[in-house]
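> Read off the chains here:
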Amino acid sequence: MFDLPTVWAGLLALAIFIYVVLDGFDLGIGIVFPFLKSDSDRDVAMNSVAPVWDGNETWLVLGGGGLMAAFPLAYAVVMPALYAPFIIMILALVFRGVAFEYRWRDKAHEKIWDRSFFFGSLIATFCQGIVLGAFVQGIDVDGRAYGGGWWDWLTPFTITCGIALVAGYALLGTTWLIMKTEGELRETAYHHAKISAFATLGFVGVVSLWTPFLSPEIAERWFTFPQLLFVLPVPTLTAILAGLLAWGLFTRKDQVAFPTSIGLFALCFAGLGIGISPYIVPRAITIQEAAAPDSSLFFMLIGALILLPVIIGYTAFTYWVFRGKVDPDAGYH
Amino acid sequence: MFEALDAVLLARIQFAFTVSFHIIFPAFSIGLASYLMVLEGLWLKTENPVYLRLFKYWRKIFAVAFGMGVVSGIVMSYQFGTNWSVFSDKAGPVIGPLMAYEILTAFFLEAGFLGVMLFGLGRVSNTLHFVSTIMVAFGTLLSATWILSVNSWMQTPAGFGINEVGQFVPENWMEIIFNPSFPYRLVHMVLAAYLTTAFVVGAVGALHLLRNRQNPEARKMFSMAMWMAAIVAPLQVVAGDFHGINTYEHQPVKVMAMEGHYDSYPEGAPLYLFGIPDEENQELDYAIGIPKLSSLIIKHDLDAPMKGLDTVPDELQPPVPLVFWSFRIMVGIGMLMVLIGLFSLFLRWRRKLYNAPLFHRAAMLMGPSGFVAVLAGWITTEVGRQPYTVYGHLMTSDSIAPVEAPAVAASLFAFIVVYFALFGAGTLYILKMMNKTPGEIRPLPETPTRTAGTTQLAAQRPDVLPAE
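The listed protein sequences correspond, in order, to chains A and B. Read in our numbering, the first sequence has 10 at position 5, and its numbers run on one by one without any break. Read in our numbering, the second sequence has 141 at position 97, and its numbers run on one by one without any break.
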């Protein structure tokens with residue numbers, strides 16, 4: 006059960022989940038950026054993540070680098086299969102990332118970099134949703150390489166996933182702002198958080214109902230007895246968290262909505278895992294088949310077991326240094 | 045067949061383009077992070093506000109350069125998969141873990157402490173802030189260490205076997221990490237990063253000295269930069285020589301291309317200073333060389349025989365003109381750097397370092413030279429190891445992903461447009477920041493003057509105070 010490839014699949018899933026949550030709220034702030042009411046609100050919103058976004062994005066590098074290291078075959082198949090969404094995503098992340106600094110360097114062109122921040126965040130998120138959807142719907146494999154066409158990733162399902170993730174990240178971003186800001190900005194965030202929450206839950210429902218129809222194998226896991234008993238906690242907990250989120254948003258408990266939204270993401274992630282395992286390229290390549298030799302996995306595992314707790318430690322330290330509501334006058338710029 | 049060839053060429057151009065753009069930023073931020081660490085350390089030790097003002101001045105520039113390095117680096121970590129998936133599948137078990145270690149030990153460290161370094165002054169104690177700066181600097185060096193180990197393994201692979209599906213598999217991690225060319229390449233690159241930064245800092249110092257030779261910040265940064273030039277540039281010549289000898293031992297064909305040695309020289313090879321490589325006829329036209337000097341430099345023996353490209357089949361030769369010329373550009377700039385460094389010592393001895401406008405102009409001209417040298421050096425070593433990705437074991441043409449030429453061409457086009465627009469803007473912002481006079485007295489925005497007289501300087505220059 007706990008062989009090296011399984012351990013690494015778990016660690017990678019953890020890294021990707023941490024990325025989704027952490028950069029999720031950064032990107033979410035980018036998505037709602039044009040809907041904030043004033044330039045000073047935008048300044049505060051961006052400053053609320055400026056000290057941490059860089060570390061958050063590093064989890065994406067770990068996701069890509071870790072996949073190449075632990076499952077080189079999966080990396081070699083998935084990247085060419087999702088060529089366009091990946092290229093567009095990294096380019097969009099360039100637009101998003103440079104805006105953090107450029108915006109403060111050139112007040113005359115602030116609007117350009119605001120747009121760069123918004124479109125970069127929006128497109129990167131949409132592409133990540135497409136990647137996720139394409140991954141779930143399956144990838145054609147021929148030998149040790151991708152065997153499908155250029156546009157296989159573009160389907161109604163993947164587009165739905167793309168929009169769903171935009172809603173989901175907007176929820177993370179707005180609930181983060183609720184937690185980190187005060188005054189008018191917090192009001193705006195509450196307003197958009199409600200819309201995002203509604204949209205997110207709707208899309209979670211749609212995608213959850215759609216996914217089993219993609220393959221009988223997934224359907225079997227969700228709709229046959231006794232597997233049903235094993236997976237039933239996922240939708241149940243989702244319903245409970247959705248209630249908690251609504252309560253937090255409508256009774257204005259600033260500290261409730263963000264953790265609850267993370268909980269919702271965790272459940273969706275678990276649901277995804279149920280649909281995918283034991284594959285790493287769904288229904289084509291298993292975790293075992295794609296794994297690098299044990300000597301590679303073991304060498305990395307030593308480092309990961311020592312370093313991941315250290316990383317989580319100093320990342321937590323950074324968040325602690327910048328804890329509490331953001332001071333609108335702070336910033337080194 | 046032609047389509048496949050085109051995709052390979054396009055993917056190579058794309059990789060060369062994105063990695064060349066990328067290396068510019070780390071080459072600068074490795075050196076600048078260490079410089080910031082030194083500045084903050086000196087400020088804490090001496091409490092001289094000049095150091096703090098310089099720290100804040102360069103920190104802003106660092107933030108922009110570092111940001112561009114991060115976003116252009118993400119491109120690299122995915123491009124291995126999108127365009128070079130076969131390479132990734134085959135070499136992943138060996139180089140993947142090294143890159144994973146780079147991410148785990150270095151990237152997180154830099155990114156985690158960068159926030160505190162940029163935004164934390166006043167929020168954490170000075171000591172903790174200094175520790176954060178040290179961590180960022182340490183992170184940049186660690187990152188260089190791992191990625192150069194990866195690159196060096198691709199140049200001089202060691203400690204591996206090949207499994208039944210054709211993957212390189214690790215057999216001895218120590219041999220993999222400390223592969224034969226790694227120590228030389230690491231030293232050469234870290235020194236290059238320090239020199240690059242020193243010449244940028246020197247150029248900015250020179251610019252502001254030309255405007256006002258009394259400016260204490262300009263004097264300090266120029267003096268520090270010139271010390272670096274005087275000490276590190278000669279060291280780099282020595283390191284480069286060792287690296288060259290190591291290359292000759294493990295990748296002799298690359299050295300043949302660097303030297304323009306189409307022919308073998310059984311009785312001592314000349315060092316060509318100039319020449320036009322003619323690939324077709326395999327000869328160096330208009331060659332100007334010093335007899336036997338190449339043998340002396342590489343083999344430390346005037347009469348040592350050296351083989352030439354006539355012993356290598358055409359299809360296993362790298363493109364000679366590019367390697368030949370980029371090598372000469374790198375060496376030429378290195379020599380100019382040594383000259384600047386030595387001349388600065390002379391001026392310092394004559395107490396004229398801050399009073400030498402012509403020299404300051406020369407230092408300004410040399411500002412971007414480090415970047416050119418770094419790029420030329422990487423072109424030399426990367427083009428020089430062609431036609432292999434893993435030297436001697438995996439051909440570049442066998443490393444490509446199953447993508448077709450139009451897809452690679454379209455993404456290449458997108459990268460070119462986006463990089464020039466965005467990194468062009470970033471470079472412009474950096475130049476604007478460099479154009480600002482360091483330590484300039486800035487009025488506090490919208491703050492009423494609290495007191496006049498004795499504390500006016502403090503009121504106007506809040507950065508003089510230790511805590512913000």
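To be clear, the hints were calculated from the coordinates, so they are not data collected in a lab. Do not rely on the hints blindly, as some may be mistaken.
Said to hold, decoys possible - Derived pair list, reagent style BS3-like, types lysine-lysine, alpha-carbon separation capped at 30 angstroms:
no. : chain 1 : residue 1 : chain 2 : residue 2
1   : A       : Lys116    : B       : Lys343
2   : B       : Lys343    : B       : Lys100
3   : A       : Lys112    : B       : Lys480
4   : B       : Lys104    : B       : Lys89
5   : A       : Lys116    : B       : Lys264
6   : A       : Lys330    : A       : Lys112
7   : B       : Lys104    : A       : Lys116
8   : B       : Lys480    : B       : Lys104
9   : A       : Lys199    : A       : Lys42
10  : B       : Lys100    : B       : Lys89
11  : B       : Lys343    : B       : Lys89
12  : B       : Lys104    : A       : Lys330
13  : B       : Lys476    : A       : Lys116
14  : B       : Lys351    : B       : Lys100
15  : B       : Lys100    : B       : Lys480
16  : B       : Lys104    : B       : Lys476
17  : A       : Lys112    : A       : Lys42
18  : B       : Lys100    : A       : Lys112
19  : B       : Lys343    : A       : Lys330
20  : A       : Lys199    : A       : Lys258
21  : A       : Lys258    : A       : Lys330
22  : B       : Lys89     : B       : Lys396
23  : A       : Lys42     : A       : Lys116
24  : B       : Lys89     : A       : Lys42
25  : A       : Lys112    : B       : Lys104
26  : B       : Lys396    : A       : Lys112
27  : A       : Lys42     : A       : Lys330
Claimed, not checked - Which stretches of chain B does chain A cover? Using the computed rule of at least three CB atoms under 8 angstroms from a CB of chain A, they are:
no. : region
28  : 117-127
29  : 288-301
30  : 454-460
31  : 471-481
Quantities reported herein were computed from a predicted structural model and do not represent experimental measurements. Even glycine gets a Cβ: it sits at the ideal position worked out from N, Cα and C.
> What's the verdict on B/Lys343 and B/Lys89, does the C-alpha distance respect the 30 angstroms limit or exceed it?
47 angstroms, violated
> Just to be careful, I want the Cα atoms of B/Lys476 and A/Lys116 compared with a cutoff of 30 angstroms; is the pair within it?
The hint holds at about 19 angstroms.
> Just to be careful, I want the Cα atoms of B/Lys480 and B/Lys104 compared with a cutoff of 30 angstroms; is the pair within it?
12 angstroms, holds
> For a C-alpha distance cap of 30 angstroms, please report whether B/Lys343 and A/Lys330 respect it.
The given pair, whose Cα atoms are some 66 angstroms apart, is violated under the 30 angstroms limit.
> B/Lys100 and B/Lys89: Cα distance at most 30 angstroms?
Distance of about 17 angstroms is within 30 angstroms: holds.
> For a C-alpha distance cap of 30 angstroms, please report whether A/Lys258 and A/Lys330 respect it.
Roughly 14 angstroms separates the two Cα atoms, so the pair holds.
> Holds or violated: are the alpha carbons of B/Lys104 and A/Lys116 at most 30 angstroms from each other?
The hint holds at about 21 angstroms.
> Below or equal to 30 angstroms on CA atoms is what counts here, so check B/Lys100 against B/Lys480.
12 angstroms, holds
> With the threshold set at 30 angstroms, check whether the alpha-carbon distance from B/Lys104 to B/Lys476 stays at or below it.
At roughly 11 angstroms apart (the allowed maximum being 30 angstroms), B/Lys476 and B/Lys104 satisfy the hint.
> Quick check: do three or more residues in the region 117-127 of chain B have a beta carbon closer than 8 angstroms to a beta carbon of chain A?
holds (count 8)
> Within a Cα-Cα threshold of 30 angstroms, do A/Lys116 and B/Lys343 meet the stated pairing?
60 angstroms, violated
> Is the hinted pair B/Lys89 and A/Lys42 satisfied, with a Cα-Cα distance of at most 30 angstroms?
46 angstroms, violated
Comparing the model with each numbered hint stated earlier shows that hints 1, 2, 5, 11, 14, 19, 24, 26, 29 do not hold.
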